[in-house]
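2 protein chains.
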Amino acid sequence: MARERATSLKDVAAAAGVSISTVSRLLNGSLDLPAETKKRIEDAILDLNYHPNPHARRLSRGRSDTIGLVVPDIANPFFATLVAAVEAEADKLGLAVSLYATLNRQGREVAYLQLIERNHVDGLIFVTNHPDNGQLAELINRTGKVVVADEDVPDANAPKLFSDNERGGYLAGKHLAEHGHRNVLFIGGAEAMISSRRRLAGLERAMREAADGSANISKYHGEYTIEFGREAGRRFLAEGRPPTAIFASSDEIAIGLIEVLRAQGVSIPEDVSLVGFDDVGPLHLFAPPVTAIRQPVRSIGQRAVALLLETNWQESPGSFRETLLPVEIVVRKSVAPPAR
Amino acid sequence: MARERATSLKDVAAAAGVSISTVSRLLNGSLDLPAETKKRIEDAILDLNYHPNPHARRLSRGRSDTIGLVVPDIANPFFATLVAAVEAEADKLGLAVSLYATLNRQGREVAYLQLIERNHVDGLIFVTNHPDNGQLAELINRTGKVVVADEDVPDANAPKLFSDNERGGYLAGKHLAEHGHRNVLFIGGAEAMISSRRRLAGLERAMREAADGSANISKYHGEYTIEFGREAGRRFLAEGRPPTAIFASSDEIAIGLIEVLRAQGVSIPEDVSLVGFDDVGPLHLFAPPVTAIRQPVRSIGQRAVALLLETNWQESPGSFRETLLPVEIVVRKSVAPPAR
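If you read the protein sequences in the order shown, they are chains A and B.
Residue 38 in the UniProt record's numbering sits at position 38 of the first sequence, with consecutive numbering throughout.
Residue 265 in the UniProt record's numbering sits at position 265 of the second sequence, with consecutive numbering throughout.
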């Protein structure tokens, strides 16, 4: 098979039997090495036909040729897929990825953001899954070289990359409204998070357009977890399930919800309709196959790497932009007209 | 909430605003620092009531308080869950985890194994997903401080931790045999890998016991991927599907297989029975819910961390042992007697 990726600093380091930062510092002229070591590195550079990565030039202060990726929870397939996409894209560019799982705890997030200041990584792709109390934004604004992806850190001045959550909510609402639903339950993440706010705003816009004020939207806010999906399912049943349709705003929530409904003999879509969000898991094999808004997870990963490399970090922070990636609705069999 | 984990070197480093290795080297007496920096670190140690981690003592040469975890592909939920389990266990012990995704390429595996020699990590949990050509074993034997988990590197002298794959294959075969199946298709990974060999050996043992030589087992070998599952499904259909039951030896294979069978109108279990392996994905929500051998993925992660910390690495390598973790069969609705 043809060699598809460029030789990286890492390859040179491996061939010369030294650390990446030794090679990097030799190239920057900032390190005096024994002649023999120096020769080994220079030989490796020639042998491997290494050229410093042009994409990484703008991140050049640290030149570890390593980017950091901070995610909340790798066991969640959405984040796992995002990580894999970042790894694949970085690999194409000859960059290494250091991956850090925060378990969604702010203390860990702070520690990892500080890696930039210590030059352990040249830049970070940062993904959080909880509202910020201001500390994350402050740190991001101080260090720079951070791309905020998937979920917002509202006061951070950084390039930001999200799915078009509002549009996703709108597509879900429109699909439900077209099937005649006017009484819909929204199951979201924390109320303060933009993913949740925007998905709800889109749902509300669609229902407004369709029902001209006569629609009723109830809301449960919690976490994007299977456990919260189960909790929401129990609450929905306990409240006598007046809504005729549910918009479950993550795969994990949908899985927990379906488990509970099924255990109580509530049929989808005969008794209640369901639209999901993410479409990373094998929803197409579920009984019934679940209609869902599909997030472009792999594109988020690819674009986040590109943004990190292409951003001019010397620009005034006011000019950083928010990029929205398109979502789509994948129609399967979990939506029907309301039960009489 | 109560603080559940011990203060780590990382916490001290964060509080003092220095790198982990600076703290570590100060404690080892190997670094002279400005008096002011030294005082900041010492204050942090007192403030946080830090005690060097007793669990990590045996890994003490590097004392980065960081363990490395090398996995093939994070997008695969089996590996994602394993990673999350290692992260959670390490966190309890006050250790950081550096995670490396190899994309299942040997060049990357080699580079990451070399991190131990460079003291970037104190030890590694190593997970591969392809047969070794001898290079991995050589490197593991040279560096030490590597726990081989999930899949074997046959010539490596290292503590090894696997699911009881043979028992899993046996349970699958026994369940199929009890339903009257005598003609079974095994869809496995690469023929040379122990996961594949042992799952097949268990299946063969069960069929031998039940059918006394009259059973017929056909085999497809490939990769533990959705794509290979689809390929296997197409081949099974093209061959006129003489087997009455399939043992798909990973969740990913089962997903690809079910997709193809469903698209061609082949019903499970009416037309063909199916037993899966892993049970990490939401197989319980599939149509029909899939009977599968469940791997103890979280236990593999926890035990791998424990093995890394508890192994006496000065022992002669001959005394390293292989540990097998128990599997179970989760019976759902994808197995029925053979169609007439």
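By construction, these hints were calculated from the structure, which means they are not laboratory data.
Treat the hints with care, as some may be off.
[To be verified] Short, incomplete list of chain B residues facing chain A, as computed with Cβ under 7 Å: (1) Ala15; (2) Pro77; (3) Thr81; (4) Val83; (5) Ala101; (6) Leu115; (7) Ala201; (8) Ile258; (9) Pro282.
Since we're looking at a predicted model, the values are computed, not measured.
Ideal placement from N, C-alpha and C gives every residue a C-beta, glycine not left out.
Right, here's what the structure says about each hint:
1. Ala15: This hint is violated: Ala15 (chain B) lies away from chain A, its Cβ roughly 10 Å from the closest one there, beyond 7 Å.
2. Pro77: OK, holds: Pro77 (chain B) within 7 Å of chain A, min 5 Å.
3. Thr81: holds, 5 Å
4. Val83: holds, 5 Å
5. Ala101: Holds. Min distance 5 Å.
6. Leu115: violated, 9 Å
7. Ala201: The hint is violated - Ala201 (chain B) has no Cβ within 7 Å of chain A, the shortest such distance being about 29 Å.
8. Ile258: holds, 6 Å
9. Pro282: holds, 5 Å
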